[in-house]
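These protein sequence lines map, in sequence, to chains A and B.
The first sequence runs 1 to 258 under my numbering.
The second sequence runs 1 to 258 under my numbering.
Treat the hints as calculated values from the structure; they're not laboratory data.
Be aware that a few hints might be false.
It does not matter which identical chain is used: a pair holds within one copy or between any two.
[Stated by the list, open to error] Cross-link-like lysine to any residue pairs, in silico, SDA-like; alpha carbons within 25 Å at most:
hint, residue 1, residue 2
1, K73, A182
2, K73, V223
3, K14, A24
4, K14, E40
5, K73, N11
2 protein chains.
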Amino acid sequence: MYDQVVTQNKNQPKHQVLAAELRAHIASGRWAEGDQLPSEAELCLQSNASRGTVRHALAALRAEGLISGGQGKPPVVAHAVKSQSFSTFMSFTEWAHSVGQEPGQRTIELAKRTAGEQVAQQLQVEESSMVVQVLRLRLLDGTPAMIERSSFEPEAGRLLFDFDTDSGSIFSYLREQGIDLARGRHIIDAVAADATDSELLGVAQGTPLLREQRITSTSTGEVLEYSDDRYLPQLANFTIENTSEHRAALSRIPSAVA
Amino acid sequence: MYDQVVTQNKNQPKHQVLAAELRAHIASGRWAEGDQLPSEAELCLQSNASRGTVRHALAALRAEGLISGGQGKPPVVAHAVKSQSFSTFMSFTEWAHSVGQEPGQRTIELAKRTAGEQVAQQLQVEESSMVVQVLRLRLLDGTPAMIERSSFEPEAGRLLFDFDTDSGSIFSYLREQGIDLARGRHIIDAVAADATDSELLGVAQGTPLLREQRITSTSTGEVLEYSDDRYLPQLANFTIENTSEHRAALSRIPSAVA
DNA sequence: CAGGCAAACTTGTTCAAACAAGTGCCAATC
DNA sequence: GATTGGCACTTGTTTGAACAAGTTTGCCTG
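Construct all of the structure, not just a fragment, from the sequences and the given hints.
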């Protein structure tokens, strides 16, 4: 069973290292759904950590819904939707790889233009401000899967003119360039495929698409990106679990009556 | 500022009581977005709890995305999507009330019938098993907002024949009857309005609807309900936030190529 | 053989101490 | 006036102890 010694990473707290290792064991299938984890006492011995530290790591996994259980019994692996790391969730490319599919992208347009009303509102700039916009078709295993319309505030966006947007992940590239992409807000609804969508995805106009609007901010809250991603719903969905013990952070939000 | 003394509730741990009180302060608007919470030292004094207990409560709020911040500074209220409690998320009626809207419902049908392939699969029963099904139109402030198709395994479902399904929340009623509704799984995608949807919601067939498929289980994992809820997307969406520090429990899931 | 009870084991909660690391403010110096 | 350093304050991590509460196992008795 769990016999790997936790190695203290100087840059990372012990509880985070342990949580990551436990996640890896679950992700690798070593502990399958329904399997019981080692007891806290065992984890303490094997990780050379105090019980408080072990519990701290387990609490993180509980909050993610990865494990569950109750007093008197070691935790079990939940029949779990695996939670996805920040970057896996934010980057289509990374996500596709993580689910064993080949990501692809075709850039339709990269432009600098005035924001317009909606983009201005989301990026918290003036309507007449210049922003950088990208329109891309994203593919999974060669199949068109999603249309991505991203708008960037100009400082971050100008970096994209030095990047081959057909090569992969803008999110990863910007992070490599030192841009602080740290927070995301995701609004999920449904829209009808417009003319561009229908042409690129190869579906009829009006076809229901699963839309994710994503707002990406720095760790201090400055908005850097607003993106409108439209998925073919037969190719992807969003899934979450909640329990009476742990709230799901997902909220159902009412909109104004049209 | 925070001057209310935390009262120890014998049935609830101190850290949960404190977390609930902090949530209430935020929800009431007493602490607005961006406002700083009292320091941990102050919270310890005022709640008569140890620093560990205070941090435990704050950790829960962090995991929900309700507060954020870093070392050396007290937490601030995030520009937060408020997380919703288990029951608020699972019950349309309770959710509507929580967002200040008047819920309504009109039962189209309550029936006992054989499950059929998809319901059987989701409820983990045989296709020829009898299940109880409800079709309802749900309204917000008198406006049609959602079509709900729920299927219950027979033990729980038979209780519904003694319940006025036009009066409110099935979820709440079943819980009051002692049914252990403790876990939920939610799959969000988009579908085209079918003939029933279009008639009840007053939209054209093929209109994109935001679909939430919900599977409700007991705390030990027995599936009790499968529901297919279809929202008018202009009336509701699902929103979540994630950060590089705290994963969102929501996952993007690929489906098989059609 | 079945049921009940006690003991051992397990997780959940609370408290406290110590140290690390980050923030902010004030005073001194250039 | 600007910059730097020091100090007080703040949060983050780790450890450990004690107790509560739940689970499991083994043994004994009917």
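Exercise for review: List, from low to high, the hint numbers that the structure doesn't satisfy.
Suggested key: The structure breaks none of the hints.
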